[in-house]
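Undergrad: Letter by letter, the chains look like this.
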Amino acid sequence: MIRYVGSRLLTSVVMVLLSTLVIFLIANTVPGDPALVAMGDMAASDPAQVKAFRAEYGLDLPLWEQYGLFLQRLVHGDLGISISSRRPVLDDIVDYAPATLELATIAFILSIVVGLPLGVLAAVRRDSWIDHVARAVSLIGVSAPTFWLAFIMLAIFYGQLDWAPGPGRLDPVSFPPDRITGLLLIDTALQGDWATFHDAAAHLVLPSIVLAMATLGLVTRTTRAAMLEALSQDYVRVARAKGLRRRVIVNGHALPNALLPVVTLGGLAYANLLAGAVMTETVFSWPGLGRYTFRSAVTVDFPAIMAITAIVAAVFVLVNLAVDLSYAMLDPRVTKR
Amino acid sequence: MQEAADLEAAKQGDAEPLLRVRDLRTWFLTDAGPVRAVDGVSFDLAAGETLGIVGESGSGKSVCAKTIMRLLDPPAKIVGGSIEFRGRDLAKLDEEEVRAVRGREIAMVFQDPMTSLNPVLRIAKQLVEAMTAHGRFTAAAARTRAIDLLRRMGVASAQAAVDRYPHQFSGGMRQRVMLAMGVSNEPALLIADEPTTALDVTIQAQILELLRGLNADLGTAVILISHDLGVIANVCARILVMYAGEVVEEGAPEDLLTDPRHPYTWALLHAAPRIDAEAEDRRLVTIEGQPPDPRAWPEGCRFRARCPFAIDKCAEHPDLLPIDATRASRCWVTQAGGALHEPVRPQPQARDAATAVAPQPLLEVRGLSKHFPLPRETLFAEQRVLRAVDGVDLDVMAGETVGLVGESGCGKSTLARLVTRLHEPTGGSIRFAGSDITHATQAEIRPLRRRMQMIFQDPYASLNPRMTVGEILTGPLLLHRIVDGQAAARTRVEELLGLVGLPRQSMQRFPHEFSGGQRQRISIARALALGPDFVVADEPISALDVNIQAQIINLMVDLQERLGLTYLFIAHDLAVVRHVCDRIVVLYLGKVMEIGRAADLFARPLHPYTRTLISAAPVPDPRVERTRRHVPLKGEPPSAMNPPSGCRFRTRCPVAEERCAVEMPPLLPAADGQLVACHFPGRI
Ligand SMILES: Nc1ncnc2c1ncn2[C@@H]1O[C@H](COP(=O)(O)OP(=O)(O)OP(=O)(O)O)[C@@H](O)[C@H]1O
Ligand code: SF4
Ligand code: SF4
Ligand SMILES: [Mg+2]
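So the sequences go chain by chain: A and B. Sequential numbering of the first sequence, starting at 108, is according to the working numbering. Sequential numbering of the second sequence, starting at 4, is according to the working numbering.
In case anyone wonders, no lab produced these hints; they're calculated from the structure. Each residue gets a CB set at the ideal place from its N, CA and C atoms; glycine is no exception.
Have a look at the derived ranges for each label pair, beta carbon to beta carbon:
1) H633/B <-> R233/A: 47 to 57 Å
2) R440/A <-> G638/B: 18 to 28 Å
3) T118/A <-> G676/B: 54 to 64 Å
4) R91/B <-> F264/A: 56 to 66 Å
5) R233/A <-> S648/B: 54 to 64 Å
6) H320/B <-> R440/A: 50 to 60 Å
7) H320/B <-> T371/A: 51 to 61 Å
8) G638/B <-> L178/A: 53 to 63 Å
9) T118/A <-> T494/B: 55 to 65 Å
10) E666/B <-> R440/A: 37 to 47 Å
11) L128/A <-> H483/B: 42 to 52 Å
12) R233/A <-> D92/B: 23 to 33 Å
Pulled out of the complex, with its shape left as it was, chain A reads as follows (with noise of 0.2 Å):
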């Protein structure tokens, strides 16, 4: 087992390093003369300034060697100076990930604590109304867009009924509270700060919601296709002609077969979900690394394209880490074949 995780570790870390590259090279190729956008007009029409520019942000290098400088930088944990907000792209990051973090954990906890259920009903109570419900969430959740869903959802709960908060992390007479980890839930708490940390939350209620559909329609219809899968192997008929109890079989047989595929699904939906949801954040005024993506990729802001990748790119591997590892837990067949 220690074996398996090292060598899965290794691969890791390759990983990462192949998708840095290949954004880089992308990046690379595509039309948008990041200094041209970043200068403005005026002063790209100067040569002598944009040379100057190009010389500052390593622009002029061979391609190799500015991919050489962002990994050497990278080890020491510089990620470069944003072109656009002109500030370092770690502190950028700093900035505005917790806000993702905390609402894309919400998310996918969200999904996580109804799909799984729902799946399994849907598939042991087949045909029944649950099932309908089960399959109306995941075509809902799968095939809305995620912008219209955000619309309705706030002109219906904050426009119409008021039952939930406006845009926003917090309310803007809400005194943010004190820097720890950046996520207000978890800040608010170690501080006491019960009003806001209801606030906090409340805010957190729609946009959770919306960004949780499509990731809970997944979930919901995984988990059933996967459950009458396994309900529908001689395994469960042996497990019936024991005369074990419905519940003990589908709970203790079906179960954690039908898991298997759900834990691949769930760690690929937390990934996605982590990487940001430009539409999401954006409807919600939510200040998270969507919204700093959409930013850098619009304005071309090449450190910063790059710094984020990098990241996701590690989000991607350690997700995946994460569900290897589990796998082999749930599946002895894994690491022994």
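Chain B with the ligands: place on chain A using the hints.
TA: For chain B with the ligands alone, kept in the frame of chain A given last:
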């Protein structure tokens, strides 16, 4: 003896039987109309009795068993009849009441041990929960008992084994676990549905022995379902024969298997080749046609369309009536008490002159080996190899049939794929029709491909489902330019279909529209399309029912006579191999143990492995079975990754000595051109 006495007691004392099934009808209420899978089954089973159920695929055996266990879900429905078990009608119990019976009073073991255990749960958990579910044992007591039971079932180092996962066990071991699970609550009845069908003969013999022992020691009544009369005769004191959802004959094996009183039993019995009988002709007795459609059973006797004995009265549906004190039959002809005549065997044909002239070797194999590299466990671990075939010498003469036997994993299929050069050999040489094809490239081998063809076990998997039979057969014809143009190809395809006994219209149909037997005919036709003289058949009949097996064997024998074919025939059924082959090669862990003429080898096996293999195969005749010498084979074959030193068979050989561990016995001639690789040939 015990059960015979019990049976008598039950009959005389008029005691209630353990299980009394009356006019049971289980239908599948599908959208396309009811499938009458079980349609009027009645029988009694006394406590401690052993009952066998035989019948061809689809006759309703499994549905019957699952109905007793109440394991069937909608659309299956018990539409009529009763299942009285210890005075209660199981058909009327609600789910919770049934649950208390399942696993506690009636246990069941299923066909496929590979899928019957939950892959993510430890063996211990799966055994323990079977016991704790019924509240008879605490978890700790159940665990101790689980270990004891595994030991009783012959699982090596049971203490450690309970904490393993199913994938770490072989199929035979898993079936032992299933048996342990079955008897763990000391049920009154154990139902075993084809428990050995997926296993090798040697392992089958071990499992059947266990089953007999459980019945004798614990007094557990057993219902054993099988399509193999030999297996049933080996274990059971009474047999039910099922056909088209009903029981057509019932009686003791001694009566039923020597003097069948239903034409279907008669056909079953004569269609299967016997391991203990010499046949003058290789053609077997077969019955025509397919089993009827369970959506619409025919009027009158359901066997009538295929019955060689049918009379006018058979238009009326016969009842299952006693023909004497101990047996019953559902047939108008034998109701009066008459026996069925012996089948008219086809006239033995003089073996044609081809074998008389000095035989020419068509295939010469020397020191052939194939080592498969295994994936490394980690990046730096050493490369391990699996020696699937490890130095095989073999000649196949033109016009003869050579059989290849051995347990699964011994390298039969790899050898077949080597000689047809679907695999690249690791070492040794192969000469086919005089030319060396050991390392021939695909282009070089192309002209020879026409002359050697393969037939596979699973006819469905080897036929492209999206192509019509016509397209499947024309493909190779055009590819190898055997014929010019579509019209000529069509004529040739019609010819081929005629050759394998399929109607011409089959051309436009797709493989899934055919039955298993017909699909195997199609793949034979495909193999014959190019006019080969050498055909390698890898388990061509293993997936088929006895009667269909017989039809395919007859077809292959016919074709050999008409086209002068040479066969390399692989099968795990020894009786079949003995029946169709001139010479037999016995393989064990990639090496040849013995080669000899079929008759000699069976009459006088010289290698201990051959001896044990033969003794493991059941004979469907209790009288013969009683007089046969049984040499049980211990354990399972070791892994081909690190085979034992010296003689590969020594770890399981009953007569092994020290010398066997150090010295590898060479394959040497013994009497009559029989070749054997053993230091002490003929010792058992
Ligand atoms: N789920 C189902 N839906 C519809 N028909 C079914 C179903 N299961 C079985 N049948 C039908 O019931 C009949 C009896 O099947 P059963 O499995 O009992 O045969 P069997 O005698 O056990 O055959 P085998 O030797 O192949 O195991 C067959 O015609 C089969 O097609
Ligand atoms: S009743 Fe007639 S058709 Fe049926 S098995 Fe007997 S002889 Fe054949
Ligand atoms: S060589 Fe020895 S171990 Fe091998 S089969 Fe002969 S007696 Fe048995
Ligand atoms: Mg069956």
